[in-house]
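> Taken in sequence, the protein lines are chains A and B.
With the working numbering applied, the first sequence covers 1 to 498.
With the working numbering applied, the second sequence covers 1001 to 1492.
Keep in mind that the hints are not guaranteed to be accurate.
[What the hints assert, rightly or not] A short, non-exhaustive set of chain A residues, derived as facing chain B with CB atoms under 8 Å: (1) Ile-397; (2) Trp-400; (3) Ala-407; (4) Leu-417; (5) Leu-419; (6) Thr-478.
The set of hints was computed from the structure by calculation and includes no laboratory data.
All C-beta atoms, glycine included, are put in the ideal place defined by N, C-alpha and C.
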Amino acid sequence: MLSHLPILPVLLPLLGAPICALLRKPVAAWLFACTVALLTFAAAIALLAQTWQQGVLSYALGGWAAPWGIEYRIDLLNGLVLTLVSGMASAVLLGGRASIWRETPEEKRSLFLVAFLLCLAGLQGIAATGDAFNLFVFLEISSLSTYALVATGRDRRALVAAYNYLIMGTIGATFILIGIGFIYMLTGTLNMMDLAQRLPALTESRTAFAGFVFIIVGVCLKLALFPLHLWLPGAYTHASSMVTVFLAATATKVALYVLIRFSFSVFRLEFSTLALPLETVFLTLGIVAVFAGSLVAIYQPDLKRGLAYSSVAQIGYMVIGVGVGTVIGLQAALVHLFNHALMKGALFMALAAVVYRVGDGKFSSLRGIGREMPLTCACMLLGGLSLIGVPGTAGFISKWYLVVAVADREQWVLVALILAGSLLTAVYIWRLVETVYLGVPGPRQVPDSPAGRAEAPPGLLAVSVVLALANVYFGFDTRLPVEAASGAAESLFAAGQP
Amino acid sequence: MAGGNLLLASLAVAPVAIAGILCLRNRPNAREAVSIGASLLLLGISVAVYRALQAGDSPQWHSGELLPGLRIALSVEPLGALFALVASFLWLVTVVYAVGYMRGHNEQHQARFYAFFALSIGCVMGVAFAANLFTLFLFYELLSLSTWPLVVHAGTDEARHGGRVYLGILLTTSILFFLPAIILTWWTSGTLAFTPGGVFPPDVSPLLLSVLLLLFVFGVGKAAIMPFHRWLPAAMVAPTPVSALLHAVAVVKAGVFSVVKIGVYIFGLDQLAAVDSRDWLLYLAGFTLLAASIVALRQDNLKARLAYSTVSQLAYITLGVLLAVPDGVVGSGMHIAMHAFGKITLFFCAGAILVATHKTRVSQLGGLGRQMPFTMGAFLVASLCIVGLPPTGGTWSKWYLMLGTLDAGAWPLAFALILSSLLSIVYLTMIPVRAFSTFEGDAAAVEEGGIREAPLACCLAIGVTGAGCIALFFFPQPLYELVAGVPLWGRR
Chain A
1 MLSHLPILPV LLPLLGAPIC ALLRKPVAAW LFACTVALLT FAAAIALLAQ TWQQGVLSYA
61 LGGWAAPWGI EYRIDLLNGL VLTLVSGMAS AVLLGGRASI WRETPEEKRS LFLVAFLLCL
121 AGLQGIAATG DAFNLFVFLE ISSLSTYALV ATGRDRRALV AAYNYLIMGT IGATFILIGI
181 GFIYMLTGTL NMMDLAQRLP ALTESRTAFA GFVFIIVGVC LKLALFPLHL WLPGAYTHAS
241 SMVTVFLAAT ATKVALYVLI RFSFSVFRLE FSTLALPLET VFLTLGIVAV FAGSLVAIYQ
301 PDLKRGLAYS SVAQIGYMVI GVGVGTVIGL QAALVHLFNH ALMKGALFMA LAAVVYRVGD
361 GKFSSLRGIG REMPLTCACM LLGGLSLIGV PGTAGFISKW YLVVAVADRE QWVLVALILA
421 GSLLTAVYIW RLVETVYLGV PGPRQVPDSP AGRAEAPPGL LAVSVVLALA NVYFGFDTRL
481 PVEAASGAAE SLFAAGQP
Chain B
1001 MAGGNLLLAS LAVAPVAIAG ILCLRNRPNA REAVSIGASL LLLGISVAVY RALQAGDSPQ
1061 WHSGELLPGL RIALSVEPLG ALFALVASFL WLVTVVYAVG YMRGHNEQHQ ARFYAFFALS
1121 IGCVMGVAFA ANLFTLFLFY ELLSLSTWPL VVHAGTDEAR HGGRVYLGIL LTTSILFFLP
1181 AIILTWWTSG TLAFTPGGVF PPDVSPLLLS VLLLLFVFGV GKAAIMPFHR WLPAAMVAPT
1241 PVSALLHAVA VVKAGVFSVV KIGVYIFGLD QLAAVDSRDW LLYLAGFTLL AASIVALRQD
1301 NLKARLAYST VSQLAYITLG VLLAVPDGVV GSGMHIAMHA FGKITLFFCA GAILVATHKT
1361 RVSQLGGLGR QMPFTMGAFL VASLCIVGLP PTGGTWSKWY LMLGTLDAGA WPLAFALILS
1421 SLLSIVYLTM IPVRAFSTFE GDAAAVEEGG IREAPLACCL AIGVTGAGCI ALFFFPQPLY
1481 ELVAGVPLWG RR
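Sequences and hints are given; from them, build the entire structure.
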């Protein structure tokens, strides 16, 4: 059993999804999905613990040896991503039932959970696999199920958002497929380790170059890196609340993982930096994303959309970390990958709780809600402070690493810009705080919402509180993200040396 | 180790008090008793810490590593002990005052008010006992955030606007200047610990040090060096006890305290004296203290006038440490305490006048001495303390600051100090003088009806701090010895 551990985080949700489809009663399906997610989470934690002690784990799928069969390769990097994704999935499923029930018609609830598990399986598969084509397959699984999930939003605009995402996502996936095809044509292998050994000899090859560019652009589309982010705000805004929580906390993180995997493990560092001015591109796009995302976020009348644009900005920070091109820069990106999942998880979860009460996430509906839902709003506040990077929260640790990484390269202008970016974050978070705590409540849209103090259902509230406290906890005890990130970053760089 | 627990206890008082206040939010008497009890406890802890320091003990505590080499660490040194003593004592007095004021003025949401008040003081303790820049920054930022609800307490548009300016300037300066300065310090010297004699290796480029000093002085927006002083008058929309404690003592003193600590323990006086940008900053501080005095002259709103007076006095303290001579540091350290006593008394008086007569403008106060003789008498004493005249404690701090400027050979600055003090006589001391005067117009402005002072709790607080101003004139030795004990030089 233990020797099969590396496959479990993928296999459990993948097999769980069809079984879930057979359970007609939504509550039964929900209980089953929760069990699957928790087991997946447990397997991922066990896997992370094992890689921590033993280093890289390799697993040959179906017993076929590596270059021919599909290899699952777990190191610290994907161990961390697997844990993060399955942990968020468990949190969303466990706590989000009330919200899912409220926002999905009864006959569709089971199917919603099926799509959710499939999405989880896809994301886990992307993270776990060591095979480039297998990665594409799981990318498609996660994407297709995500399109379906986004389309379940209550609003009819969710359909348009899902359609937009479908078009953009398909273009991205096609690019990735073309890229993988190119390098397969050139090297005759799809195994990432094999590719990593064969590609350095082909630095001069135009085909390898084209393949690399296709893959990077395709991944950046999935990552929603500015200016390829256009699908993201719509999808986040109109999807149902729990889908937004899950996507914001995981989907872009997995895309970032793929970006790092391809530009550091598969194509070694010298390829990524010599063949292309990738550092400059990433740094430039990253900082533009920070400013564009934040500035647009400030002017959104809808908090959900504002936070979606904030995600565009935060992705910019991560990409800057990657673009710095040093161990500590990569570490900054990975730490922020982890921390940002916590912040956005807390924010979107608390927002889901508020939406449950007031019907939508418009600022006009949020006025004065702090009186009625003090705990929920405190969670939102903590998430927001973490997003700004106030010391004592996880966000500060991210910011610290990122600034140290950039300062290490003596890029002072970039340091100033990064910090100015966090001021913009402060502006839109403070707009939220003022609305929530100082605003005068207007008439509520949902007629059955009781007056006076009334928190969201306990599940939503509990998960919000846990995520918000996690932001504080990981602001002080940083061992998990920092050590995993530094281990991962160092091994990626050690592997990248010729 | 027992000492370390003391430091932790000083941080723990606030959360415990907040829990008590929120649990008892519907029972005002019990709630205020919790506040007073907590402030007594905190004062006791501060005194115990001070005793430990006198006994040659140096209590310490640190957490595990947050980042490699970076911990939350607490320790005690003379400046911190001084700041903690002043802040915790004045918290006690202010809580007593606030009980009278908030009830007399029928303010809303009092439980929230006392809770955030306690939280702010907890942050101040963290600032006072911080053993490294990181810990200082942590509590510095938390202090900005936890005082925002107090500033916007009224919830009006005006309060909201004031809150925006307040937080906007404090956050902007700290994120844009203070944080990079800390990271740069770490990057160059490999440590953030407050070390006597400074942390920078001797071969650091002078340009970097110049930039760092600029970043630090402007980054500590709470020190209100121009042009980053606008938050102080903006924050005057807060209820008077908030203005009194936070904007005469806790917040602004956290600012100048940080500047002094950075000057003494991060740069070290030797290195500070050699930094090129220091000269420029010295004159900026000189400009600030003069300009703020001139602006104060033109303010008719009493609290706004006091706010600009604070800006001016803060610049004295910043200037004192930037002189980079021992007398300057002594003057700065003493002025932290003296100005705290003087300014808090002035704010208390302003609040008492508001509660008793609903007057907020200086021009309305002529002849008021007949109605509120006690309040205006205390106002007179406190204004002397700010100006620096006997028989008040301000005399000594101004004395040492003056000595410092002469020591450093900065004649123009000495002149600026004198000029600004003269101006403060005009804009502060003239207020009680007018109040007690018998000019025709002034006397007519006050309705008859004999003596009508503010509630007893308010008068009690005013009496205590006013007496403190005088006591510090006659017994300045403990204070002086404490500040003179600051380890100015490292091992040479």
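> State for each hint whether it applies.
Verification of the supplied hints:
1. Ile-397: holds (7 Å)
2. Trp-400: Result: holds, 7 Å to nearest chain B Cβ.
3. Ala-407: holds (5 Å)
4. Leu-417: violated (11 Å)
5. Leu-419: holds (5 Å)
6. Thr-478: holds (6 Å)
Taken one by one, the earlier hints fail for this structure only at number 4.
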